[in-house]
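Asks: Taking my numbering, the leading residue of the sequence shown gets 585, the next gets one more, and so forth.
Hints listed in this document are in silico derivations from the structure and should not be mistaken for laboratory results.
Values in this document were obtained by computation on a predicted structure and should not be read as measured data.
Do not take every clue at face value.
What the hints assert, rightly or not - Okay, the calculated beta carbon distance ranges per label pair:
#1 Gly630 <-> Asp817: 20 to 26 Å
#2 Ala771 <-> Gly730: 19 to 25 Å
#3 Leu643 <-> Arg591: 23 to 29 Å
By construction, the Cβ of each residue, glycine as well, lies at the ideal position given by its N, Cα and C atoms.
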Amino acid sequence: MSEPAVRRPALEIRRLTASYRSRPALWDVDATFPAGALAAVVGPNGAGKSTLLKAVVGLVRADAGQVLIEGRPARAALDRVAYVPQRDAVDWDFPIRVAEVVEMGRYRSVGWLRRVPRADRAIVAEALERVGMTPFARRQIGELSGGQRQRVFIARALAQRAPLMLLDEPFAGVDARTEASLLDLLAELAREGTTIVVVHHDIGVVRARFEWALLLNVRTIACGPVAAALAPDALRRAYGIGGEAVEEAMPWAG
585 MSEPAVRRPA LEIRRLTASY RSRPALWDVD ATFPAGALAA VVGPNGAGKS
635 TLLKAVVGLV RADAGQVLIE GRPARAALDR VAYVPQRDAV DWDFPIRVAE
685 VVEMGRYRSV GWLRRVPRAD RAIVAEALER VGMTPFARRQ IGELSGGQRQ
735 RVFIARALAQ RAPLMLLDEP FAGVDARTEA SLLDLLAELA REGTTIVVVH
785 HDIGVVRARF EWALLLNVRT IACGPVAAAL APDALRRAYG IGGEAVEEAM
835 PWAG
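Based on the sequences and whatever the hints tell you, model everything.
Replies: So, in structure tokens, the structure goes:
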């Protein structure tokens with residue numbers, strides 16, 4: 585029987601250290617995410633999950649270590665990454681329409697001051713359709729519900745046509761039905777070859793829907809296939825309580 589194919593890494597994090605006001609937020613973190621994986625980053629509050637994504641895209645300066653995207657230093661490959669920040673990082677009062685938000689995903693290719701060409705508008709329309717937001721294209725972003733806003737920012741990421749997507753707590757504040765629908769979409773994108781890395785707090789959902797996980801608590805606790813990365817002993821080391829009790833404790837562990 586032939587050996588299963590080994591997928592190339594889409595994202596590699598090597599001995600990454602980052603700090604806020606001299607306090608380490610990440611310490612000597614190692615992680616690898618294979619191409620086409622639907623992957624989660626999980627860990628307790630203050631574990632450095634959001635900081636990790638921000639360090640990958642250069643929003644947080646690393647004190648040490650290296651980030652590689654498709655084998656290249658991250659700074660030279662940011663055009664290969666689509667980043668969806670937490671919702672509280674967005675000014676929802678800014679007067680902009682849904683379609684205009686999604687068009688921002690095309691600015692890297694067309695430029696900020698140019699009119700979006702027809703071909704790029706077609707990409708925007710396709711992205712809106714995939715997240716079910718076509719009927720809201722002309723709506724002001726501030727008029728949308730939390731789940732609708734999250735769909736719009738995922739559509740913006742889709743419009744970038746980037747092979748690596750990083751999503752920071754995309755399901756915070758959305759209902760279970762919306763979360764399930766968005767997870768179906770992310771799984772579909774992963775099957776198409778996009779690497780998806782999601783900061784998530786619900787270990788039960790991660791076990792059921794994701795194939796790869798990084799368990800983080802400032803340091804790397806475990807990284808690999810979900811069953812191994814989220815084994816009870818690893819969860820115990822990450823959360824400091826019995827691994828079998830973590831899922832019940834998750835309301836405080838996001």
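Asks: Regarding Gly630 and Asp817, is the given constraint of 20 to 26 Å on their beta-carbon distance met?
Replies: Holds, at about 21 Å.
Asks: Just to be sure I understand the hint, the distance between the Cβ atoms of Ala771 and Gly730 should be within 19 to 25 Å; is that true here?
Replies: This hint holds: roughly 22 Å between Cβ atoms.
Asks: Quick one: are Leu643 and Arg591 within 23 to 29 Å, going by C-beta?
Replies: holds (27 Å)
Violated hints are absent here; each numbered hint is respected by the structure.
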